[in-house]
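Starting from the structure of chain D, add chain G where the hints point.
2 protein chains.
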Amino acid sequence: MEKIPLGPMPYMSVMPTVLVGANVEGKPTYMTAAWATVACMEPPMVCVAVSKARYTAKGIDQNGTFSLNVPSVHQVIPTDYCGIVSGSREDKSGVFRSFYGKLGTAPLAEECPVNIECRLFSSVDCGSHILRVGEVVEVYADRSCTTDGKPDITKITPIVYAQHSYFGVGNPVGKAFSEGRKYRKA
Amino acid sequence: MEKIPLGPMPYMSVMPTVLVGANVEGKPTYMTAAWATVACMEPPMVCVAVSKARYTAKGIDQNGTFSLNVPSVHQVIPTDYCGIVSGSREDKSGVFRSFYGKLGTAPLAEECPVNIECRLFSSVDCGSHILRVGEVVEVYADRSCTTDGKPDITKITPIVYAQHSYFGVGNPVGKAFSEGRKYRKA
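Going down the list, the sequences are from chains D and G. Take 40 as the starting number for the first sequence in this note's numbering and just add one per residue. Take 40 as the starting number for the second sequence in this note's numbering and just add one per residue.
So that you can see chain D by itself, here it is in the shape it has in the complex (with noise of 0.2 Å):
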C-alpha cells in the first residue's frame, strides 16, 4: 500500500462527545469536548484538552473541579449548541439542569445520561490547549441507562465524534481480551 504524509495535525481517528461542566462565578456552564479520555486505572483518572481561550476554562481553575458528561445522540442538539457558544457571551447555565455531587463545585448535567464528577489533578500546558487531568471521584448513571450496576452503551447511545461530524456506534467486531487469541503467527 502507499503511505501519504498528510502533515502534522491533531488528529484521531474516532472520539468520545461529551460536556465539560464548570462553575464560573458561581454559576454552571457547559462546553463541547471530544478531546477526552481516560488518563489513569488507579486512582481512576480522566483528562480532556480544553482551549486557553475558553470560558469553561476559568472555571476549572477557579474551583479546582470539572465534570464530563455523557450526551446521548437524541440531545446533539444542546450539546452541538454548547461547543458554537462561548459562555462569556451567552449564559449556558440553563441548557441543562444542574445538579452537584461530592465536590459541590462541579456542575452534572442531569439530562445526560453519565456524569463524571472530578477533581482537577494536573494541567498540562500544551500551547493552544491545557490538558486538564481529573481524578474521578464519582461516576451518576441514570439508572435506566445501567445494566448490572454499570453504564449501558446500548442505552446510553453516546455520541462518537469523528471529521467535524457525530455518529452512533456502529455494529459490534468483537471481543476485548479474547479476538487476540485467534491469531497466528504468518
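It is worth saying that the hints were derived from the structure and are not from the lab. Mixed in with the good hints there might be a few duds.
If several chains are the same, the list does not tell them apart, and a pair holds so long as it fits within one copy or across any two.
What the hints assert, rightly or not - Capping the alpha-carbon separation at 25 Å, the derived lysine to aspartate or glutamate pairs in DMTMM-like fashion look like this:
hint	residue 1	residue 2
1	189	149
2	224	174
3	42	164
4	66	149
5	141	100
6	42	187
Bear in mind that the values here come from a model prediction, so they are computed numbers and not experimental data.
Here is chain G on its own, set in the frame of chain D:
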C-alpha cells in the same frame, strides 16, 4: 430521571482503538490502547495512557518517541493480540511490518491505515498509568484511505472501543458546529 452513583472508576463512553508503537532496545513493539485522544491543536499533540508495567513504556522512555497507529475493523485479531500478549514474553515485531518516518525511532505499522508519529512532550505520572503526551511530527495514511488529502473514516473503518468490546462507527447523527444552530431556549 433517577441518578445512581456507580463509584469512582476510569470511565469513558467511547474511545478509539490504537496501537502504540515504540522501539525497545532497537526492536519495534506494539501494544493496544484505547485511552488516547488529542491533547492540543497548536502545536498538534496527542496523548495516551500507558501502564507503568507495559513493555512498550520502556521504549517510549528509551527514545522519547512513539507512534499511534489506527487499525481497521478488519484488523481486530492482530490488534487485540497486541493487547493480550506482552512484548516482554513474546516478540511482537512481526505482527505488523514497521516503517520509520522523520524521527527514525518510532515504528509505524504499515498495515494500519493511519499512523501518527510523535515526539514525547510530557509524561504525567498519574498512578498505575503514565499519560504520555506527544507532539505530532507527521501523520501518514494509505492513499486509498484519504479523500481530498485527509483521512476518511468511511475508508479507514476504525475500531470504536467501549465496555471491553470493539465496534464499528455507526450512522451519522449530525454535523458539528451546525446542529447547535437549531437550538431554541426553553
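Problem set entry | Hints breached by this structure | Of the numbered hints, 2, 3 do not hold.
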